[in-house]
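These are the residues of each chain, in order.
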Amino acid sequence: MDHETCVEIESDADMVAARAAGRALAERLGFSRTDGTLIATAISEVARNILVHAGCGEILLHDVHERDRHGIVVVARDCGPGIQSVELALQDGWGSSGGLGLGLPGARRLMDEFTIESVPGDGTTVTMKKWRARDPLERLRREREQREQVWA
Amino acid sequence: MPILKQGDYLIASIQSALSDSEVLELRDDLAERVGQFRARGIVVDVTALDVIDSFAARALRTIGSTAKLRGAETVLVGIQPDVAMAMVQFELDLQPLHTALDLEEGLAVLRRTARGGDDDGP
Numbered sequence: 001m002d003h004e005t006c007v008e009i010e011s012d013a014d015m016v017a018a019r020a021a022g023r024a025l026a027e028r029l030g031f032s033r034t035d036g037t038l039i040a041t042a043i044s045e046v047a048r049n050i051l052v053h054a055g056c057g058e059i060l061l062h063d064v065h066e067r068d069r070h071g072i073v074v075v076a077r078d079c080g081p082g083i084q085s086v087e088l089a090l091q092d093g094w095g096s097s098g099g100l101g102l103g104l105p106g107a108r109r110l111m112d113e114f115t116i117e118s119v120p121g122d123g124t125t126v127t128m129k130k131w132r133a134r135d136p137l138e139r140l141r142r143e144r145e146q147r148e149q150v151w152a
Numbered sequence: 001m002p003i004l005k006q007g008d009y010l011i012a013s014i015q016s017a018l019s020d021s022e023v024l025e026l027r028d029d030l031a032e033r034v035g036q037f038r039a040r041g042i043v044v045d046v047t048a049l050d051v052i053d054s055f056a057a058r059a060l061r062t063i064g065s066t067a068k069l070r071g072a073e074t075v076l077v078g079i080q081p082d083v084a085m086a087m088v089q090f091e092l093d094l095q096p097l098h099t100a101l102d103l104e105e106g107l108a109v110l111r112r113t114a115r116g117g118d119d120d121g122p
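As you go down the protein sequences, you meet chains P and R in turn. Reading the first sequence from the start, the letters are residues 1 to 152 in my numbering. Reading the second sequence from the start, the letters are residues 1 to 122 in my numbering.
By construction, these hints were calculated from the structure, which means they are not laboratory data. One or more of the hints may lead you astray.
[As the list claims (entries may be wrong)] A few chain P residues that face chain R, going by a derived Cβ cut-off under 8 angstroms, partial list only:
| no. | residue |
| --- | --- |
| 1 | G30 |
| 2 | S44 |
| 3 | R48 |
| 4 | R67 |
| 5 | G80 |
| 6 | L110 |
All figures in this text were calculated on a predicted structure; none of them were measured in a lab. Note that beta-carbon positions come from the ideal geometry of N, C-alpha and C, so glycine has one too.
Bound conformation, chain R alone (with noise of 0.2 angstroms):
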């Protein structure tokens, strides 16, 4: 899966439908870039994603726990409506994650975040 540098910033975009490993292996990859690259701020974007289920949830919300305690914050962009309906009624939630529509909104949390302004999430 592809992990890219922006500034202090990894983006990670998710290109298709994953699997449980290659969730895991998506939250243990982005556990040591965060340390390798000296990130500050991680966006994921899981527009490609079919669903997101108690399995998906619980390690995107590690990614966001683990990379807080390196020092960065994580954004999730691109939920998608539909994975959003099924979220609610799954009773799902995505806390300590921040959220954006998409990746230039994230990428604007995460400035604000870094300047100390007004947090978006969770």
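Next up, chain P with everything else stripped away, as it sits in the complex (with noise of 0.2 angstroms):
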């Protein structure tokens, strides 16, 4: 893990900041364009998530490193009376936040990995991955440097 950002959700406007940091962290680690850009709406849903029933907690980004490919995680965090049913708050048209529920739903279509844990009474974290394959040169030369490392 190379990078790690954590950004405060109080209010909407760090909704925006948080948009921005995963975006800039997804082009940081190579990320296409398009794929930022899914990275950035999924946080947008989890961020809003926090603030409506929660009303603050944080979200931190990091990067994780495979033999075959690079991730961004998110992991949205509050200490909010937690969820009920975590398998009705993944179904569209649940939710109450004015977003007609589509919110987790989506954000979950639109990353690779999602998951949620909820305590009621004591908080709820969702975890997204989203992955982006080493390119061929990429993998060649991870594996060169690593036959220099056992050779050294």
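Fit chain to chain and form the complex, with the hints in mind.
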């Protein structure tokens, strides 16, 4: 993990900052502009969820690297009342925030991985990931670096 | 946010990423100005919007429906390709809004609609 950013979410202006931070990190990690927008849109939804259901919280962004892929991880944390039924929250049309309940299901469709952990009375954590494959050149370079390290 | 009047039309150009409250301000401003300027059409230029999420989409749809009740058509112009892709993947739609590529096309859509000609959208 080389990059880590935390954006406190206390007002709707912070949502704009969180979107921008997500887009900037996605760009640094080599994601396409479209992927950056998908990520920023998903961040917007989970940030709004924090504001509407808990009032405040934070969004943590960091990178993750595996042999064949790079990923961006978005963790949205609040200490609000928690979600009674996570399953229900992920159904289209659920929710009371004035967004027609499309927020979380939509965010899930935009990302590759999406999990919600919620303890009634003790807040909600949404973790989302998006991956991009390492391109072949990048992979070769990395493998060579690793070989050189072994020989060194 | 600047809302310009050009003939029978109002043109609202969003200049930067908007917070939810700014989106609602735009919605309310436009609903009011339609009557004030007796506008027949509205063009909302969203070129500068960084994302259109569920909240923004709903507010934009409301702009269109409210204006329609007040006798004006609304065209959304300048949706960026990446924003369009995100909206499709999100499964958001913008009915009953008309959409067009840019301001020029948007004004053309309004003129066609005013003539009762073919309706480009939604």
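Residue hint P/L110, partner chain R, criterion CB-CB below 8 angstroms:
This interface hint holds because 6 angstroms falls under the 8 angstroms limit.
When the nearest CB of chain R is found for P/G30, is that gap smaller than 8 angstroms?
16 angstroms, violated
With a cut-off of 8 angstroms on the beta carbons, see whether P/S44 makes it to chain R.
Given a least distance of 4 angstroms, the restraint on P/S44 holds.
Given P/R67 was flagged as interface, is its beta-carbon under 8 angstroms from a beta-carbon of chain R?
Check failed: Cβ of P/R67 comes no nearer than 27 angstroms to chain R, outside 8 angstroms.
Answer holds if the nearest beta-carbon of chain R is closer than 8 angstroms to that of P/G80; otherwise answer violated.
18 angstroms, violated
Closest C-beta approach of P/R48 to chain R relative to 8 angstroms, hint status
6 angstroms, holds
The earlier numbered hints that this structure contradicts are 1, 4, 5.
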